[in-house]
Every structure is written in structure tokens, then in C-alpha cells.
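*Asks:* One-letter residues, chain by chain:
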Amino acid sequence: MLSRTADHLFWMNRYTERAENTARLLDVNYQTSLLPQSEAVAQAGWQGLLSISELLPAYKEKHDVIRAKEVMDFMVKDERNPSSIVSCLSAARENARAVRGTLTTEVWETQNQTWLEVKRMIKQGDFEADPSQFFEWVKFRSHLSRGVTVGTMLMDEALHFMRLGTFLERADNTARLVDVKFHAVESDFYGTANGKDLEYDFYHWSAILRSVSGFEVYRKVYRDVIRPERVAELLILRPDMPRSLHASLNEVVGNLRMVANDQSSETQRRAGKLRAELQYGRIDEILATGLHAYLTQFLDRVNDLGAHISRDFLVPVPA
Amino acid sequence: MMQKFDEMYTQLPYEFFTHGAKIRDHYRIYDEWLARQPGNMMAKRREEAEMIFRRVGITFAVYGEKDEEGAGTERLIPFDLIPRIIPAHEWRDMEHGLEQRVTALNRFLHDIYHDQEILKAGLIPREQIEQNAQFRPQMMGVDLPNNVYSQISGIDIVRAPDAKGNGEYYVLEDNLRVPSGVSYMLEDRKMMMRLFPDLFSAHRVAPIAHYPDLLLETLRQSSPATTAEPTVVVLTPGMYNSAYFEHAFLAQQMGIELVEGQDLFVKDNFCYMRTTRGPQRVDVIYRRVDDDFLDPNVFRPASTLGCAGLLDVYKAGHINICNGVGTGVADDKSIYPYVPKMIEFYLGEKPILNNVPTYMCRNKDELSYVIANMKDLVVKEVHGAGGYGMLVGPAATKAEVEDFKKAVLANPSGYIAQPTLSLSSCPTFVESGIAPRHIDLRPYVLSGKTVQMVPGGLTRVALKEGSLVVNSSQGGGTKDTWILEDEASPVQAAQSQTQS
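These protein sequence lines are chains A and B, in that order. For the first sequence, counting from 1, position 240 maps to 239 in numbering that gives the first Met the number 0; every step adds exactly one. For the second sequence, counting from 1, position 265 maps to 264 in numbering that gives the first Met the number 0; every step adds exactly one.
Calculated from the structure, these hints are not laboratory results. All values reported here derive from a predicted model rather than from experimental measurement. A couple of the hints might just be wrong.
To be verified - Here are the in silico distance ranges between beta carbons for each label pair:
no. : chain 1 : residue 1 : chain 2 : residue 2 : range
1   : B       : His382    : A       : Arg268    : 57 to 63 Å
2   : B       : Thr449    : A       : Glu116    : 44 to 50 Å
3   : B       : His95     : A       : Glu116    : 49 to 55 Å
4   : B       : Leu75     : A       : Asp299    : 52 to 58 Å
5   : A       : Glu116    : B       : Asn39     : 24 to 30 Å
6   : A       : Arg268    : B       : Phe264    : 27 to 33 Å
Even glycine gets a Cβ: it sits at the ideal position worked out from N, Cα and C.
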């Protein structure tokens, strides 16, 4: 298939996935902000969210203070913020429109409908009226988009590039989510036994789990009270947790294998190596080096993989 | 008072009679059906249609317009619910006429770029070809597969009353560069079948859904002889082009790649596209990009819409470009008046389809007639398209007429003029209810090894009352076009064999 077509498909799914994860991230912050907490803690939460998305400078250009309403507006509906939910859904749709001939009618109509509806909802003030409901809607449009894709697309290259986009983005986003929430606790996280009271811990960690639809999963897997080490393990190392780094890398490696060409062996090696480290890694080792440090290098390597995929198959990212 | 011709009713205006009266035969069943519908049905169906079009994303971009957020606007093409019906015998004549005309136009193009017999015979003044901006000297002596230049021709046909008030078809213009609109023809039919399935069981409407198949066949037949399994692609200027929907639609329907200039490159005098598995050779390009943008080495150097070196590959016979480079010299409005002569010259036949009588301002006596009678004429710039650069005399203000006179006098050979035809009207569902609106018809004629077309074409309708301009860029809409296979006689009763 055309490299440019593959590029549009890859980015269409990356943007859809990013919109979903931004909604998840905002929702968990919004939910946590409803808990009794000090102004400083709340502000730290929102600031962490911006910095982990690498958007703090862009935000500060427009707003003097970090407050829930401004941050949410910036991340949801600011069209000049390329990572806002509206921008992501619009970019996904623009990419879809560029290759609509490659998509099934259902996939195209799903993307187009999402874009038409999000514009309408923002205009009507649906987001302000009920943020959680709005985030829920974004998540479900993403579920729908993935389901329609898997349910209707021919299982050829086009599908593999779309899936590649979804899971590379998910690996990136889950890593950021874990990082920002553990970051909120300490400057870096090496394991528990700091002085925070248990009750705070419970709400904090369960909020993270809920943001990746992992609360029930946690209980089922560990049959234990919520412990941060185990939360980290679930989201990083468990291959059966669909939003974990390990599960995402499994999909990346698998889809990469399906589209392999003459020049892609180095890209596959790097993806395989990253996956192997997750497969054979242990949470205590990761925590010993510091979670933040670990996740930072993970994000770098995911970014590097993206650049290699572009170079080997797609429209190369200008250096 | 000018004669008027309506496709459905034998008398105008509509308000003076009730259903069943003054109906042309081929509209009788439709009229009876319409009479049975509850009052708000049409309005509801129209809402439904708009919703579906928007969801499906059947839109065209409007040049230069921005919405409140600064994004380019996408507009729905207005679709009218009332079909334009043509009886089979009328279509049969038109079909023969179209085949004849397009064949002659292709012969003309081949002649112009080879021996120029028609110029030697003195039928067309040489300078009208050689000084024409659409004439491409680079094409002299280049041989093309099947000797065909215009594989896809859109011939605009209007109907106007003759002296007796009967409807007569006229060719208004030929479109041999990149005629658009065929996707609307196909989508309009799909929409009609979705909204009004019962109408289709009561009429024998000739199907048109096989158009993409015919198109693909034509394009494959147009491949240079270098391969048995040609790779055909559609070349689009990109998603911000007003007809992007159509480009994507046709590529999808034919199951071929939709490429942009940046996807193509030339190596060793062959053209390739960049794919995820490396370069792949391209044999036929169905281009939806004008000549000027095709190859920056030869035409506009700044263009990024085409591919550098493409013209050399084309001239070497290693690729075919459809439509060919330089077809514009045959659909230019200054050449149009000569088409009937071409038909006689190349085919030795009498033209089946009429031309509209045309005054060429380049001729002195015709110029003075045009200047004296401009308020009654339609004056057109010979290179204009899309309804731009024209004056409809009877609808123009005095000042507009005077301005146009100056423009014509300054450059007489840049203009032609035609009598204001009273274009036929067709009942159309507008805000005020059902009212007559002017229409035209664009059949799409495909020329590969043979000439083929689907029955009918795209009917465009001027939605503004009294307007004669049907272009979508000027507020025109579209209608489904029905060629009735059997003169409006009801479809045979249900089959005798039924499941018990």
C-alpha cells in the first residue's frame, strides 16, 4: 500500500487512542479533585498532568494560574492545543478523510460521526454540564472505533498499521499516566513505606486503576488490598492487562511482524528487545532503579520506535 | 413571452391544475404516487437525506471560504428529491449522438497533435488552435493508446423548446479535461433507492451502479502495451480540493490507490509510487489534476501536485495519463462552434445532437451583433468554467452589461455569445413547495477500446428561482436521473411462482 496511506492510518488511530487516554487522564484527575484535599495538592495534580503531557509551557502562555477549569478547558476543547481532545478527534478525522477509500464505510462513518458530534457537544456546553459524562462518551467512541475496525476491516496491511498506531500510542499514554500518578506521591517512587495514611492511598491508587478500567481487574488478579507496587506491576508488566505496557508492546511486535519489509529488521529488533524486557522484568527491580527514571527511558524508546516505523514504512518524520 | 418547456407538465405554472392533469406520459406513475403521499412526507425525507449525506461525508469544499473556526468549509451538495425522468427513446438518440460526438472530438485531438488535416482543409483557422492557451505543443507527434485523448468526457446537455414548443436537446458544452460530478450521480441514485424503494418497484429505472466498473475497464484498456496487468491509480490534488470526495470515492469503488503527487516519482523513465513495500510501477493515471500542475519540469515549476519527469514517461509510452495532456484545446468554448463540422469531416455523418447557435466575437459582423444585442444573449469567456466569467444578459443590470461590453471589445476573440435558451424546467422541492427550476444534464462518456456509458448522467438544477446557472459552486443542486427502460409502463405484475 502507499506509504502515505499507511501513515494516515497509523496516525488516525494514534489520535483516536490519544483522545481516549486524555479523557481517562482528565477523568481520574477530576474524580480525585472531588475528594477532600488541600488547594496545593489539587494544583500539584493538575500541574503534573500538564507536565507529563509536555504541555506546561503551552498552557502557561495562555493562563496565569493552574486551576481545574482552565486545565480541563485547555485539554478538552482548546483547538490551538494540538493534544486537546477536540484537536485529536479532528486530526483523526482529517487523517481518515485523507484515506477514506481505504477504510470500510463503517470505519469512516464512525470517525466522521465522532467529529460531527464532538463539535456539536462542545458548542452546546455538554462538557461543562457534565465532564464525567463527556469523558465517558469520548472513551466509548474510541471503543466503537476499535470495534468497528476489527469487525469490518480486511485483515491486511491497512489493519496492521492502524493497530500499530493504537498500541504504540497506548504504550506511551499508559506510561505517562502511571508516571504522573506516582509522581504525585513522591519525587520518585521506590516502593511503599512512606508516611501517607492508608485512606489517602486507597483513593489515590483506586482512581488510577479506575482510569484504566483496572479496578475490578486488580481485585481479580491479586485478591489483595490496593498496594501501589501491585498497581505498578499490573499496569507495566502484566501481559493480560489490556492497557499495560507489556500487552501494548505485544501488539506492537505482532503487528510489526505482519508488515515487515526489507529494511525493517532493526526496528523489529528494538521493539522485540523492549518487549522482552517487559516480559522478563520484575517490579522490584524496576522500583529499585526508580519508577520515574524507568518510565522516562521507556517513553524515549517508544518515541524512538515511532521514528523508526515512520522511516521504514511511512512518510519519514523530518529530522 | 418566451416558450417554456417543463419535463413533467405540459403547462406552466403548476398552481393552475391538480394532479393527473397535463402530465407527460413518462411522469404519470410518479405523479400518481406523489398524490398519495401525506403532506409533510417530502420535508421529512429531505431531512433524512441531509442527515445521511452529512454522516457519510458527501461534501464538497468551497474555495476560499472559511467557517467561524477558520477551517475550510465543507458543504453538502443540495440534492433534490424529485427525479428527472427521460423516456427510453429519447435516451437512445442521445446515446448515439454522444458516441458520435465524443468519437469525433477524439479524432480531432489526434489530428491536431499529428497531421492537422482539419486545419489543412481550412475548416478551422490555424491560429485558433496554435494560439489557444490549451494547445500543448509538447504533445505534437505523441502516440497514445487507442488514439484516445479524452477517456472520460462530460457532455453538458440542455433542453429548450423549439418553435412548436416541443423539447429539443442541445449540447451546451463539452468537458474533456477533468469532468467531475459522477459521484453525485451515483450517490443520488443510492439515496433515492434508500428513501423511496417503492418508486423503484413501480418504475423500470435503468441501473447505473456499474459506472465504476466501466470506468476501470476503460482505464485498463488505456494502458500502454508494456504490461498485461496494468496498475491504475487515481491522482488527486489532495483532500482540500473541492472534488476530493469524488476522487476518494472513485478510487475506493474501483479498488485502486488514490495517490497524490508526493506519492509518485520517476526513475529510468518509468513512474513509480512509494509503498510500504518499496516502489511499485504505475501504468495508468486517472488524473484529477489540471495539465498545468502535472509536471513541474514542463508546466508550472512551483507545482507540487504532480510529479517531476512525468511528461517524459508519458511521451515515451511508459504510462498513460487519462484524460490526455492537451485535451483542453477541444473543449474550449472558441472551438465548440466547430464540433458539428468535425463530425462531418472525420466521420462523414450528420451530427445527431444539436449545438446551440453560437456567435464568435472574433468575427467582426458577429461581434457587432453581440454588442448590439448583449442584453438578450448569454456571453461567455472562452476559457471560463464553473459558471464563472459569464454574463446572462436578461438577468444582468445595465451596468453589468456595459462592463461586459467593454471587456468583449477589448478582447473579442476571448468571448462567444449564444441566444438565451429557455432551459427546460423540472419540478423541484424548494422552500415554498414544489416549483419549476431549470436543469441540465451531464452524461459521462467513456472511451477506451470502445465507447461506453451508463444510461443518463447527472442532472444539475439551478435552485434559485429563474436562475440558469446550475454549477454547484454557484448554488446549483442535483437530481437523480431516470432513464425509463420501458416508456413508463408499469413493471410486470409479480412473478407467477411464489413460495406457498
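*Asks:* None of the hints should be skipped; say for each whether it holds.
*Replies:* Taking the hints in turn, this is what the structure says about them:
With their beta carbons about 58 Å apart, His382(B) and Arg268(A) fall inside the hinted range of 57 to 63 Å. The hint said 44 to 50 Å for the Cβ distance between Thr449(B) and Glu116(A), and at roughly 48 Å that hint holds. Between His95(B) and Glu116(A) the C-beta distance comes to about 50 Å, which sits within the given range of 49 to 55 Å. About 46 Å separates the C-beta atoms of Leu75(B) and Asp299(A), a value inconsistent with the hinted range of 52 to 58 Å.
Roughly 27 Å separates the CB atoms of Glu116(A) and Asn39(B), a value that falls within the hinted 24 to 30 Å. As the Cβ distance of Arg268(A) to Phe264(B) is approximately 29 Å, the hint placing it in 27 to 33 Å holds.
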